[in-house]
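Residue numbers (numbering that gives the first Met the number 0), protein chains in the order written: chain A, 0 to 490; chain B, 0 to 490.
These are computed hints drawn from the structure, not numbers from a lab. Only a predicted model underlies this, so the values are computations on that prediction, with no experimental measurement involved. Mixed in with the good hints, there may be bad ones.
Note that the list lumps identical chains together, so a pair holds whenever it fits in one copy or between two copies.
[To be verified] Restricting the straight-line Cα-Cα distance to at most 27 angstroms, the calculated cross-link-like pairs of lysine-lysine (BS3-like) are:
#1 K341 / K10
#2 K204 / K367
#3 K386 / K265
There are 2 protein chains.
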Amino acid sequence: MAKVKKAPRPKAQTPKGFRDYFGAEVTERADMLKTIAEVYHQYGFDALESSGVETVEALGKFLPDVDRPNEGVFAWQDEDDAWMALRYDLTAPLARVYAQHRNDLPLPYRRYAMGPVWRNEKPGPGRYRQFYQCDADTVGAANVAADAEICAMLSDTLERVGIPRGDYLVRVNNRKVLNGVLETMGLSDDKQRDDVLRTIDKFDKVGEAGVRELLGKGRLDASGAYIDGVGLSADQAEPVVAFLTSKDADVAKTFANLQDAIGGSKVGSEGVGELEKIGDLLAAQGYGADRIEIDPSVVRGLGYYTGPVFEAELTFEILDDKGRKRQFGSVAGGGRYDDLVKRFTGQEVPATGVSIGVDRLLAALREKGRIGGTVAAGPVVVTVMDKNRMADYQTMVAELRNAGIRAEVYLGNPKNFGNQLKYADKRQSPVAVIEGGDEHENGVVQIKDLILGAKIAENATLEEWKERPSQYEVPRDQLVAKVREILDLNS
Amino acid sequence: MAKVKKAPRPKAQTPKGFRDYFGAEVTERADMLKTIAEVYHQYGFDALESSGVETVEALGKFLPDVDRPNEGVFAWQDEDDAWMALRYDLTAPLARVYAQHRNDLPLPYRRYAMGPVWRNEKPGPGRYRQFYQCDADTVGAANVAADAEICAMLSDTLERVGIPRGDYLVRVNNRKVLNGVLETMGLSDDKQRDDVLRTIDKFDKVGEAGVRELLGKGRLDASGAYIDGVGLSADQAEPVVAFLTSKDADVAKTFANLQDAIGGSKVGSEGVGELEKIGDLLAAQGYGADRIEIDPSVVRGLGYYTGPVFEAELTFEILDDKGRKRQFGSVAGGGRYDDLVKRFTGQEVPATGVSIGVDRLLAALREKGRIGGTVAAGPVVVTVMDKNRMADYQTMVAELRNAGIRAEVYLGNPKNFGNQLKYADKRQSPVAVIEGGDEHENGVVQIKDLILGAKIAENATLEEWKERPSQYEVPRDQLVAKVREILDLNS
Numbered sequence: 000m001a002k003v004k005k006a007p008r009p010k011a012q013t014p015k016g017f018r019d020y021f022g023a024e025v026t027e028r029a030d031m032l033k034t035i036a037e038v039y040h041q042y043g044f045d046a047l048e049s050s051g052v053e054t055v056e057a058l059g060k061f062l063p064d065v066d067r068p069n070e071g072v073f074a075w076q077d078e079d080d081a082w083m084a085l086r087y088d089l090t091a092p093l094a095r096v097y098a099q100h101r102n103d104l105p106l107p108y109r110r111y112a113m114g115p116v117w118r119n120e121k122p123g124p125g126r127y128r129q130f131y132q133c134d135a136d137t138v139g140a141a142n143v144a145a146d147a148e149i150c151a152m153l154s155d156t157l158e159r160v161g162i163p164r165g166d167y168l169v170r171v172n173n174r175k176v177l178n179g180v181l182e183t184m185g186l187s188d189d190k191q192r193d194d195v196l197r198t199i200d201k202f203d204k205v206g207e208a209g210v211r212e213l214l215g216k217g218r219l220d221a222s223g224a225y226i227d228g229v230g231l232s233a234d235q236a237e238p239v240v241a242f243l244t245s246k247d248a249d250v251a252k253t254f255a256n257l258q259d260a261i262g263g264s265k266v267g268s269e270g271v272g273e274l275e276k277i278g279d280l281l282a283a284q285g286y287g288a289d290r291i292e293i294d295p296s297v298v299r300g301l302g303y304y305t306g307p308v309f310e311a312e313l314t315f316e317i318l319d320d321k322g323r324k325r326q327f328g329s330v331a332g333g334g335r336y337d338d339l340v341k342r343f344t345g346q347e348v349p350a351t352g353v354s355i356g357v358d359r360l361l362a363a364l365r366e367k368g369r370i371g372g373t374v375a376a377g378p379v380v381v382t383v384m385d386k387n388r389m390a391d392y393q394t395m396v397a398e399l400r401n402a403g404i405r406a407e408v409y410l411g412n413p414k415n416f417g418n419q420l421k422y423a424d425k426r427q428s429p430v431a432v433i434e435g436g437d438e439h440e441n442g443v444v445q446i447k448d449l450i451l452g453a454k455i456a457e458n459a460t461l462e463e464w465k466e467r468p469s470q471y472e473v474p475r476d477q478l479v480a481k482v483r484e485i486l487d488l489n490s
Numbered sequence: 000m001a002k003v004k005k006a007p008r009p010k011a012q013t014p015k016g017f018r019d020y021f022g023a024e025v026t027e028r029a030d031m032l033k034t035i036a037e038v039y040h041q042y043g044f045d046a047l048e049s050s051g052v053e054t055v056e057a058l059g060k061f062l063p064d065v066d067r068p069n070e071g072v073f074a075w076q077d078e079d080d081a082w083m084a085l086r087y088d089l090t091a092p093l094a095r096v097y098a099q100h101r102n103d104l105p106l107p108y109r110r111y112a113m114g115p116v117w118r119n120e121k122p123g124p125g126r127y128r129q130f131y132q133c134d135a136d137t138v139g140a141a142n143v144a145a146d147a148e149i150c151a152m153l154s155d156t157l158e159r160v161g162i163p164r165g166d167y168l169v170r171v172n173n174r175k176v177l178n179g180v181l182e183t184m185g186l187s188d189d190k191q192r193d194d195v196l197r198t199i200d201k202f203d204k205v206g207e208a209g210v211r212e213l214l215g216k217g218r219l220d221a222s223g224a225y226i227d228g229v230g231l232s233a234d235q236a237e238p239v240v241a242f243l244t245s246k247d248a249d250v251a252k253t254f255a256n257l258q259d260a261i262g263g264s265k266v267g268s269e270g271v272g273e274l275e276k277i278g279d280l281l282a283a284q285g286y287g288a289d290r291i292e293i294d295p296s297v298v299r300g301l302g303y304y305t306g307p308v309f310e311a312e313l314t315f316e317i318l319d320d321k322g323r324k325r326q327f328g329s330v331a332g333g334g335r336y337d338d339l340v341k342r343f344t345g346q347e348v349p350a351t352g353v354s355i356g357v358d359r360l361l362a363a364l365r366e367k368g369r370i371g372g373t374v375a376a377g378p379v380v381v382t383v384m385d386k387n388r389m390a391d392y393q394t395m396v397a398e399l400r401n402a403g404i405r406a407e408v409y410l411g412n413p414k415n416f417g418n419q420l421k422y423a424d425k426r427q428s429p430v431a432v433i434e435g436g437d438e439h440e441n442g443v444v445q446i447k448d449l450i451l452g453a454k455i456a457e458n459a460t461l462e463e464w465k466e467r468p469s470q471y472e473v474p475r476d477q478l479v480a481k482v483r484e485i486l487d488l489n490s
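Could you build the full structure based on these sequences and the hints that come with them?
Below you can see the structure in the form of structure tokens.
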């Protein structure tokens, strides 16, 4: 208290790139996480919750496009000058957890995790620095049956949270196939390899002809800018094009095409074999191409994938900011990463998993009108006509709550009754309860049906208004019964 | 990939003071949070989720015993050199949120929030740097009816999560009464005031005589160390002692004693009046002294409280680390803080709320055997006898799951069958399913009741062992029915 100088008022603002979530935004997310956890649990996955903070050395540098250790993360030094950081995903912490507790954990270890992650990246529209992920991973299973299981579970999960079959597709590819293609091209130059990968990633946008141009001399893009090409000859580029166009309605044909694209590459052949096995396992369980399909154009940015990669896309169309139709796009992705635990232990521990972008999935469900939009469950508001009788009003709300009805007493300044009704309106209250001195004397309460009241105010003729009263006087001891009756009518 | 030097292996460790939570630890907490949220929601409170990161200036410096802005918190500078920090509680963010969004929020604003908070404090046994809080606050209600409501809701919440009446007590006091006592003592010296407050906080431990000594010359404590006293005369100390000993079985007598202790202090009298009103409101709703009581010895450390303060204690005894009996102690606390929003807006906005220490409450329920300890819901494990028939095994688990049974296929190296059963054991599986080549040919599966098997292995005589087989052979199409039968028998 030695400080005398008065500090200026702090600004009431979320830090740049962060936001607050209110009411249904919070509860709808919690509900979705609970549903997803139920599916994961059913599949034998166990919950894991690690803390938001990890050592920078444990996190490593696996963010896409990030080279320096604490670029892309929020990091600081602890009292011993060691660097700590907020986790940027749930996979790096899993690798650390598994390495740390491996003697106590079952092998294979199936775990799920859900919670916020943080990225120190430039925020943008709909792009925040804290967001939720919901992951499931299997550590210690080399068999691609583990990958197939993850894909099946992802499909089940999407349907369970409310994305109907036909509105999504889980697309599966294999990094090894891609590596086989690059091998058969004989690219030794790392930069050229990276350029080719980047080009493959653009296939969805520019199509086959565009990819040919970009692999060759270059291409004039839609904005009129000239994009330099990778500089390959048409012959050299052929395996990439063959790979990208290998998808066929007949999955056996797809595999044959892939086999062609990889030439004689051993790793490529291994990759095609794994994809076939995943396809067979899924087909045997009835997951057809309407839910999960082999798609060679899936690349996934992260460098740590070593085998199968998968992505869940929502295939229905929405309007973007500029009113143009586009597919909703990716809501989940993952793959096999056999080297992450090895970082810690030196021993290779195969692992595979998926991460669901919960906030994007919620946005999709809102877009489709599958959550939100229902009548908000505002509380019954008991108004205060005489502030000395607060105990009576609190007793009313207690009675309502004990009957399972959400209820509250107005706790602001009760002087202006209009403010109380405005408050009830802002709270989206279905019912207001009024008990002034006269009512108290006569042992009655007034019960106002605010939803009906609002409808009448909007539409009714004078006759209807008179015929359909939205306010009822009932004996005090019928308070709960009458409120319930109104709630039932409106539900 | 220009880097050539090989980095040393990172350590697989949680940062100091952090920990990982596994399985039931995670789901039991999630279940408790869900239950608490239901009670809060029923009382008309709306969910709010702010991010873990705030600006240091918004957080302010309200941690107990912390003077410098970013002491006690984890803080770092963002790209504009502004200081950011992890929130240390959910109250400071609420004040920021309310100030930022006040034009859109109802007034009063009842909100609940739950999530991790972080403290950069010395970790200790059971004391972590990240832990969960679960808060409910009412912003914009000056009436102490809001405080009474919080106390009633806290009592309801504790019972709902499984603390029976009689095993807890919500204790209520009022800072204004304490201020009245200090005023009537005529202490102008801040240091002396602080010393007196600290002494009051020790009343539970040292009792009336001890407090008298500590307010006077000093006291020899149990360890043999001499603790300097505040240096007051016996007369000066009298109001403090009168205040601390004012609690009477007859609550009217308690209030009379408090009135004596505060002498003629205006603020003290206001405080007693508020306490009486809270007592009346709670009594009218049937919350008696078996649930909520007025207790002048409740102080609460935080400097920002301005009126009523409350604390929920669990009153049952547990054994401490040294095997001594002690009360479980505090699991929740809160109070009225009328100045927190004012920091931002300049306008006084009354507020009151409570924070539940979820992890301590979980520990209490585990201590009482109210959660955990039941048979863990391990998955049914389908073993792999022939790795080329993985699709068949995955189909089995899919059937089981579709019937609502948690199930998984063994995904490790299937070579050693013993390892598969050890795995099932580690997973606390109730049932293992076995289908080798012979079974497959004969269209049957073996189903092993692992719980019964373990019991028999532990207790049974040879006859019993023979009489109660724990392994059954059933036709393949009766797999689900037989597994369900065994699960039902064991549940």
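* Asked: Taking each numbered hint in turn, which are not upheld by the structure, reported in ascending numerical order?
  -> Going through the list in order, the structure violates no hint and respects every one.
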